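Chains as they are written, first to last, in the working numbering: chain D, 305 to 815; chain R, 27 to 513; chain L, 224 to 343.
Bear in mind the hints are in silico, worked out from the structure with no lab data behind them.
Just so it is clear, the structure is predicted and the values come from calculations on it, not from any experiment.
You may find that some hints are simply not true.
[Unchecked claim] What follows is a set of in silico ranges between Cβ atoms, one per label pair, in the way DEER data are often shown: (1) D:Ser-329 with L:Lys-337: 53 to 59 Å; (2) D:Gln-747 with R:Leu-493: 54 to 60 Å; (3) L:Leu-291 with R:Ile-158: 21 to 27 Å; (4) R:Ile-85 with L:Val-305: 25 to 31 Å; (5) D:Glu-364 with R:Ile-158: 33 to 39 Å; (6) R:Gly-211 with L:Val-231: 36 to 42 Å; (7) D:Phe-493 with R:Ile-158: 46 to 52 Å; (8) R:Asp-296 with L:Val-321: 56 to 62 Å; (9) L:Pro-271 with R:Gly-96: 38 to 44 Å.
Yeah, the Cβ is synthetic: ideal placement off N, Cα and C, and Gly gets one too.
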Amino acid sequence: MLSIIIFLPLLGAVILALTVRRKESTFPRWGSLTVSLITFILSLALLTRYDPTAIGFQFEEQCSWVPAWGISYHLGIDGLSLLLVLLTNLLTTISILSSFTAIKHRQKEYYIFMLILQTGILGTFLALDLFLFYIFWELMLIPLYFLIGIWGSADRIYATMKFILYTMTGSVLMLVGILMLYFKSVAAFGHGTFDLVKLYELGLGAHEQFWMFLALFFAFAIKVPLFPLHTWLPDAHTEAPTAGSIILAGVLLKTGVYGILRFCIPLFPLAARQLAPAISWLAIVAIIYGALTALAQKDAKRLVAYSSVSHMGFIILGIFAFNLQSVSGGIIQMINHGISTGGLFLCIGIIYERRHTRLMSDFGGLAQNLHKYAVLTMIIMLSSVGLPGLNGFIGEFLIILGVFKHNILYAVFATSGVILAAVYLLTMYQKIFFGPNDNPKNQKLADLRSHELWALIPLVLLAFWIGLYPKPFLNIIEPASNAIVQTMQTPHTSETPSRFMVEAVHELPPR
Amino acid sequence: MMSQPTVPQLFWVEVAPFVVLCIWALAIILADLFLPAERRRVALPLGFLGVVLIAYLSIQAFEIPGNPFGGMLTLDTFAFFCIVVILVGGGLTILISPRYVQREHIPHGEYTALLLFAMLGMILLAVSNELITLLLSLEILSLSLYILTGIERHNPRSSEAALKYFLLGAFSTAFLIMGIAFLYGATGSTFLVTIAERLPAAGQQSALWVFVGFGLILAGFCFKLALAPLHMWAPDVYEGAPTPITAFIATGSKVAGFAALWHVVMSLADWQAMTQNTFYVLWIIAVFSMVIGNFAAIVQKNIKRLLAYSSIAHSGYILITILVIASVPAVRTNATQALLYYLMAYMLMNLLAFGVAIACGRKGDSNIEHYAGLARTSPLLAAAMALAMLSLTGVPPTVGFVGKFYIFSAAIQAGYLELAIIGLLASVVSAVYYLRVIVVMYMHEPSREAAETAREPVGAANSLALLVSSVMIILLGIFPFWFLGLK
Amino acid sequence: MLQAYFPVFLLLLFGVGFAVFTMLLSHFIGKKKPTPVKLSPYECGIKPIGTARIQFFVKFYLIALLFLLFDMETIFILIWAVAFHDKSIQVFALIEMVVFITILLVGYAYVWRKGALKWR
């Protein structure tokens, strides 16, 4: 089941590559939309069969791959990855839909890369073997590199090189960390393994944990991105094509957080606790710095990019407060950020496609003639601000609540980030949609076309759903966040740290 | 006074690959002499046939492992693997040659025969277990390659490259001979096995001689393998030599050279006094090669020069395995496997890159800018080149990634964390120039001239070579255990 | 071990010594009466034309190289002939030499067919 979900897009890409010959064919867009939609539906089927109360990973698939090195093809899903898989499939479908008119040249290649990217991301979320994880982790880099480099805007090559070099630096250090871990497992078990579930049972001393944590965390922190490793993000987001930005902000940044939750914390809890204050402060700097920089932007896409830095800081802060509310908040905020920031990039992409400018000063008064567009953009913008009743509020509220219990000072700083978010996002909305519509080029703009509408509506509906009735989502998340919290709270010796990852699930509080 | 000469026992099956290869090459020379001019093109297909035949004979020979030629050669799994890799490399080189040879008016017969002689030198070098044999096979290999480098006589760059290669090569051979003399002086034998046996008993004086001897031999190898600081010849020679020959120099001679270096190091590695002293030397060479190669490659505009610097860097990565073998006995098996795997990987990706370079090259020109928009004009070639570049960078799921993974896991297992980190960061630097090739191919618009003039067809043989190496790069990247099953 | 080579050393010493000795002798005891005719460069009795530093025709090099190559092989055959008296290796040595000469012959055929021996 999981394998099918992962490799269906890749299969679609191969078929696309082999079949389509004509340049003007519309088959690539419809074909790829179909493939990603089927994948999305399959992952919904996964959701219906998923048992939120069960322990550990579900739908596990395992077969030996490179036995000599203890590498196996091991997939599995839990609450955390389930939601992220759903988000990935949803956003990929939406971004393919949004590319229908935006991408005019070299369509076939474009959709092939989109589908490969989907495979890479899904694999990253579902792999339970570190080697397999690393392969998918790198695999998702390449298509994105092409997507930004070929279909991006003016400065695309600089942006794509910067993006790939940052990420690669991180991933090679992660490789070192993974290999160190592997040889620790050789020492502990007698035979090496890359299997995550087995590695959880590895007892490591605090000193060993420290360096391996850093090696892995560095890679994930670049992806998140955590201040001061964020500088690739504004360039990559700004120059990427709309769909690229949606995937990048919506899903790709989450792979970093996912990595921290799945690998860094459960494998190296001692180090995580030791480094938590430093990371929290970096997250706070990211929140405030990101927000202030966003405030100073003239380019709408860049503004949203910096808002991502700020929002991702929230998530990291929540996770490293290590209590149930904050971690759950962090996880649900990952989904929210995917919806709202992905949505914002989509909105900006729609207007960019019509006017080929992203400067806010080029717009003004759009609300006068683009009614549907203005309304939908406002909802998504407000969800990003964190207005009660919309999804962003739930996540931010939970995070701040949890962080407040953990450390009041952190919470105070974090709250200032929320206020700043309202300032810069509302300013942006005001500059684009209100005021006089005095630019003649803006007066004849067409409102949303049907495929744009269909791309935006699911996001808006989800924003309301999570905002008004988050319980189903929280139910899925809770076991995962509980496990993290238990791992961190139990005072453990260095021999048996991560057992709790598994055991914690047994001791779920009754709901 | 002198020991009585004895007649070595010869088993036909054991020596068949070497003997037949030699006869085959001679036969091609003769055939070329007496065939009419218009039928001389059969030389290349004949050469390919020869390679296939030799591959078959080698598999036969592998059935009976042994030490033919009075123990001067060792036929074991290691040797077998190296021979196969070299034969595959040579076969692919012949496959990518025809169009180029035709285009540049290179004499077919000499070209093929010399290529086969070079291969003979390589496989002998890879399996030789005795220093004089090692030297002789190195000379067979080098002399053939010197001539092949300069075989484009009308091209001054080719002549320049040949002269540089020859002068510096001869110089480095002198180092090698001196080193062999020192080792012989210290231990009284040129057989590596005997040297290894006699080393522990070596006195203070002899120990010094062994160090000096090993240092000189290492210097000789550093030249052949283009390791810093003796790498200076590589860019000029790579640029000037005919492109298929560049590919062959970059791949085959590297495989053979590292195999021979492995034999030498293995014979010395068990000697306690050796480990500590060689460690620093090899460490410095490896790090310098990785750093210099990767940073110098960034500014290159010519694909062949770029690949030359990249080959310096790759030699640096590979040297890490030798370093591990020399200093940490516990990791020796893993490091040897890593060495073999990487040599194979390196050969496949480089031949793919050079194959594409030949397919899209125009007469006497290999500037990267000419690949602009290749993805539009010939998407398959661009995809193949992109695959080669990604594999050279070490991106999964390609053979290059598994190779790097293997090498650096051996380094970490041996406890050389800093070496692994330096190497991996160096490979991030390498991404800058490898990916720039992709940028040019995929993200630049094709020049008007390139869009209008139709490319000459790639040719069946070259297409086959590109296909085979592409498929192997991906398959061996996803299923490395096919390789692991061999050991 | 080196003592075995002492006669060779003596021969070397004697050979070089004799040449040096005669030259020195003629230098010291010969009379020197330079005239302009005596000091002028001498080339087969004819006055030289141009300088002596001229480019040789490349053919000369080719011939010289070929001569050198085939001449060097003779040295190998000489050593082989010395060892040949040993009965135990005669058959083997003969085969070896046939192989060697055959390879050499291929080279000779190559040189011949390529026209390197013709003075064009």
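- Query: Broken hints, numbered, in rising order?
  - Reply: 4, 5, 6, 8 and 9
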